[in-house]
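*Asks:* Below, each chain spelled out in residue letters.
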Amino acid sequence: MKLFQQLSTLFLLIMCFVGFDISVYNLFTKRYINNTSEQMQAKSIELDKYLPFEENSEVIKIDTDFRLSGDLPVVDGAAALYPVFSGFVNAVYPKDSVIFDGENFTPESSLQYTNTLRAYKSVVDGGADIIFCAEPSAEQLEYADEQGVELEFVPIGKEAFVFIVNNENPVDNLTVEQIRGIYSGKYKNWSQVGGDNTIIDPVQRIEGSGSQSVMVSFMDGIPMKKNLFGFMGRAVGFSFRYYVSEIVDNGGVKMLSVNGVYLDKENILSGNYPITVDFYAVYRKDNPNINIKLLTDWILSDDGQQIVEQSGYIPYY
Amino acid sequence: MSDKLFRSILIIILIIGAVSTAVLVAYTYYLHEHCSIISYIANGG
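So the protein lines, in turn, are chains D and W.
Note that this note's numbering numbers the first sequence so that position 37 is 37, with each residue one more than the last.
Note that this note's numbering numbers the second sequence so that position 37 is 37, with each residue one more than the last.
Since the hints were derived computationally from the structure, they do not count as laboratory data.
Be a bit skeptical, because a hint or two may be false.
What the hints assert, rightly or not - Going by beta-carbon spacing under 7 Å, a handful of chain D positions derived as facing chain W: (1) 3; (2) 4; (3) 6; (4) 11; (5) 14; (6) 15; (7) 21; (8) 27; (9) 28; (10) 29; (11) 31; (12) 232; (13) 235; (14) 252; (15) 255; (16) 259.
Think of the CB as a built atom: it goes at the ideal place given N, C-alpha and C, for glycine as much as any other residue.
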């Protein structure tokens, strides 16, 4: 009898640990496993997929008479816009101006990729001459102010800002009011916005990232709240259309229509899709490099805008 | 089973259980810091 009690105690103890660990794994761990490639995890984008001057690269290649020479502006920018600015470099920069070591661009390279978070700092500090990003966060503007730097913002294209949910979520559409309500904490359950009876997990990105800055603008001054128990429900997130559909292309998520408008290029071009944002070429107003103006003028020309459009974005004109 | 043996096994199970839970929690925190929104949602979030 004593042996039975001892064995039962040991068995129960083991089962407690196993049960607890399985619960932690199912509730938390498995949700955070990145299901993209190792390079995607490290860089948010596969740099070599859109590398300029490479035969097998997917970067957009166009014929143009314009070429940059002399003091080449160092370009940098957002992950979602990397295929675009890599296309600019491919079109007008000399081939030997880009040096890629297999993982990243070397410091001597005229093409850099540090993502929005670091690119804004880099252009203010002088590491990059021109960056391609969505609008800056309040902190990024404040940093420029503190350094006594004035930035010039040249809009060069448009993009749809999209909301994504898991493929199995029955919700396919949200209104702007519902989205703001979800992120402000007014709606906490999917059943309040046409879904099933599940908690809403409104996820956000880190402060200073391009999409987070756009989301803050979209909320129009309404503070965003996180749902403490969100991990028990279904999430909604946000990003840029091209980044979700072409760069990451993760089959586990779907983009929602907004105000009943399906997200396709026609609806974005016509302005029917309600949330489009400009993206910019950004440079220091006091940067003396004359090639910056030449480059931005060329980007706004038919040739430059052709790269914007063929890369999957909406041209500015 | 002697009491001494029982206590030894009990302590070993407690240590293994605590260590495995701690490793799992640390691993989960690491993943949380590196996971993208898209992966999180695709994973069922």
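*Asks:* Work down the list of hints and note, for each, if the structure agrees.
*Replies:* Each hint, compared with the structure:
1. Given hint, residue 3 of chain D at the interface with chain W, holds; its Cβ is 6 Å from that chain's nearest Cβ, closer than 7 Å.
2. Because the smallest distance between the Cβ of residue 4 of chain D and any Cβ of chain W comes to about 10 Å, over 7 Å, the interface hint for this residue is violated.
3. With a least beta-carbon distance of about 5 Å to chain W, the hint placing residue 6 of chain D at the interface is held under the 7 Å criterion.
4. Annotation: residue 11 of chain D was flagged as interfacial toward chain W, and the flag is violated, the nearest CB pair being 10 Å apart, outside 7 Å.
5. For residue 14 of chain D, the shortest C-beta to C-beta distance to chain W is roughly 6 Å, which falls under 7 Å, so the interface hint holds.
6. The interface hint given for residue 15 of chain D is broken, as the beta carbon of that residue sits about 10 Å from the closest beta carbon of chain W, more than 7 Å.
7. The interface hint given for residue 21 of chain D is met, as the beta carbon of that residue sits about 5 Å from the closest beta carbon of chain W, less than 7 Å.
8. A cut of 7 Å between beta carbons decides the hint on residue 27 of chain D: the least distance to chain W is about 9 Å, and the hint is violated.
9. The beta carbon of residue 28 of chain D is positioned within 7 Å of a beta carbon in chain W (closest approach about 5 Å), and the interface hint is therefore held.
10. Residue-level restraint check for residue 29 of chain D holds (minimum Cβ-Cβ distance to chain W is 4 Å; threshold 7 Å).
11. Below 7 Å, beta-carbon pairs count as interface contacts, and residue 31 of chain D has one with chain W at about 5 Å; its hint therefore holds.
12. With a cut of 7 Å, the hint placing residue 232 of chain D at the interface with chain W is violated, because the nearest CB-to-CB distance is about 10 Å.
13. Taking 7 Å as the C-beta cut-off, the interface hint given for residue 235 of chain D holds, the closest approach to chain W being about 4 Å.
14. At its closest, the beta carbon of residue 252 of chain D sits 3 Å from a beta carbon of chain W; the interface hint therefore holds under the 7 Å criterion.
15. Nearest Cβ of chain W to the Cβ of residue 255 of chain D: about 11 Å, over the 7 Å cut. The hint is violated.
16. For residue 259 of chain D, the interface hint is violated, the least distance from its beta-carbon to any beta-carbon of chain W being 21 Å, above 7 Å.
Checked against the numbered hints given earlier, this structure breaks hints 2, 4, 6, 8, 12, 15 and 16; the rest are met.
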